[in-house]
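Protein chains in written order, with this note's numbering: chain A, 1 to 216; chain B, 1 to 125.
Treat each hint with caution, since some may be false.
[To be verified] Not everything, but these chain B residues come out facing chain A in the computed CB check (under 10 Å): (1) 23; (2) 36; (3) 40; (4) 45; (5) 78; (6) 79.
[Unchecked claim] Chain B stretches covered by chain A per the calculated footprint, using a threshold of three residues with CB under 8 Å from any CB of chain A: (7) 48-56; (8) 81-91; (9) 104-111.
It should be emphasised that the hints constitute simulated quantities derived from the structure, not laboratory data. Source: prediction; values computed, not measured. A virtual CB, placed ideally from N, CA and C, is assigned to each residue, including glycine.
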Amino acid sequence: MHMMNKDVMVDIHAHNDHIAEHVHEYLNKKNIFAVNVMGAPGCGKTTTLEQLIKRLPQKSYVIEGDIESDIDTERLREQGVSASQINTFGACHLDAPLLHNAVHVMDFKEPGILFIENVGNLVCPAEFSIGEDIKLLLVSVTDGSDKPYKYPLAFEKADVILLNKVDLLPYLNFDEAFFMKGIRHLNPQVPVFKVCGTTGEGYEEVAKWLTERSGK
Amino acid sequence: MHEYPVTLRIVEIANQQASEVNGRVRAINLVVGDDSGFIGESIQMYFDIIAEGTPCDGARLSIERVKPKLKCADCGHLFERKPFSFTCPKCGGDGYPTKIGKEFYVKDVELEVNDDAHDEQGRDG
Numbered sequence: 001m002h003m004m005n006k007d008v009m010v011d012i013h014a015h016n017d018h019i020a021e022h023v024h025e026y027l028n029k030k031n032i033f034a035v036n037v038m039g040a041p042g043c044g045k046t047t048t049l050e051q052l053i054k055r056l057p058q059k060s061y062v063i064e065g066d067i068e069s070d071i072d073t074e075r076l077r078e079q080g081v082s083a084s085q086i087n088t089f090g091a092c093h094l095d096a097p098l099l100h101n102a103v104h105v106m107d108f109k110e111p112g113i114l115f116i117e118n119v120g121n122l123v124c125p126a127e128f129s130i131g132e133d134i135k136l137l138l139v140s141v142t143d144g145s146d147k148p149y150k151y152p153l154a155f156e157k158a159d160v161i162l163l164n165k166v167d168l169l170p171y172l173n174f175d176e177a178f179f180m181k182g183i184r185h186l187n188p189q190v191p192v193f194k195v196c197g198t199t200g201e202g203y204e205e206v207a208k209w210l211t212e213r214s215g216k
Numbered sequence: 001m002h003e004y005p006v007t008l009r010i011v012e013i014a015n016q017q018a019s020e021v022n023g024r025v026r027a028i029n030l031v032v033g034d035d036s037g038f039i040g041e042s043i044q045m046y047f048d049i050i051a052e053g054t055p056c057d058g059a060r061l062s063i064e065r066v067k068p069k070l071k072c073a074d075c076g077h078l079f080e081r082k083p084f085s086f087t088c089p090k091c092g093g094d095g096y097p098t099k100i101g102k103e104f105y106v107k108d109v110e111l112e113v114n115d116d117a118h119d120e121q122g123r124d125g
């Protein structure tokens, strides 16, 4: 018997990333542009999808990621949206193997945009690639203006950021300059849109940006 | 739950290394950046459960933590960020994120290789 030391140097995310690449290729072949929608619980992710989908000229598909329940999926289906549900049963984020299974049973009849609503959480969804084309980060003014400083990775990795519930700004101590300063240090070029889920304010611009970005 | 799937991967990676030399894993050395989002204590907790009955059973898990560093856009100095600040301590310039602190990989493994098994295999072969 003897002891030996063996160099490994293997990224622990490599397996997930490999499957994510496969998911991305599959969606690309189907002409589907995938958006990973991230944000804290209650920041307005599902409402944002409703507001965006009705303004987008192209077909939209949704995968809802939740720990339990299919409330959001039912809510979207009632509005005629092609939505399917992933329940993680305790896991705090979606990962590529979960998406791999979900996209292969979806019926992508025509090109369009697939919104993947991640589990409500500002931490781990940013760490796992799920085969998306872009990461959309949603933050609401009620979350607080310190969030870029407390959850830097989500802000650093976002391709677009939406600041939601801006109609509540007069009632809160949200420091917009401080919020934007944090974002600009973490992600100097990222577009930031101000929106209001209840009134629909600001979503036209986001829908226009998404359409241009997706090229679909 | 957050660390469970990644710990499963760590055990799979180490077991793969052990199976290549028909050995057992005595230690796994991980490099984990503080911005990777993973907590050493939680990985350890899941590790003990997941490793049971595998070649990793009883292995020691060593975690080398890496502090995140920003890079100053003006002078290039690498520095650790103070809470709510991105200011370079050297020149007062603005610091931007780097890859330092996001590491999450298995660096190496220490394996116990049973020479008898090799000899027997040789004789049988």
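At a Cβ distance under 8 Å, does chain A reach at least three residues of the region 48-56 of chain B? violated (count 0)
May I ask you to test the interface hint for residue 23 (chain B) with respect to chain A, counting a Cβ-Cβ separation under 10 Å as satisfied? 8 Å, holds
Once the shortest beta carbon distance from residue 78 (chain B) to chain A is found, is it less than 10 Å? 15 Å, violated
Three residues minimum, CB to CB under 8 Å: does the region 104-111 of chain B make the cut for coverage by chain A? Let me know. As far as the region 104-111 of chain B goes, the hint holds, because 8 residues have Cβ atoms under 8 Å from chain A.
Does the nearest C-beta of chain A fall within a distance shorter than 10 Å of the C-beta of residue 36 (chain B)? 7 Å, holds
Taking beta carbons only, do three or more residues of the region 81-91 of chain B come closer than 8 Å to chain A? Since three or more residues must qualify, the claim that chain A covers the region 81-91 of chain B holds, with 3 doing so at under 8 Å.
Does residue 79 (chain B) hold up as a contact with chain A if the rule is Cβ-Cβ below 10 Å? 13 Å, violated
Answer holds if the nearest beta-carbon of chain A is closer than 10 Å to that of residue 40 (chain B); otherwise answer violated. 13 Å, violated
Restraint check, 10 Å cut-off on beta carbons, for residue 45 (chain B) near chain A: This hint is violated: residue 45 (chain B) lies away from chain A, its Cβ roughly 15 Å from the closest one there, beyond 10 Å.
Violated hints, in rising order: 3, 4, 5, 6, 7; the structure is consistent with all others.
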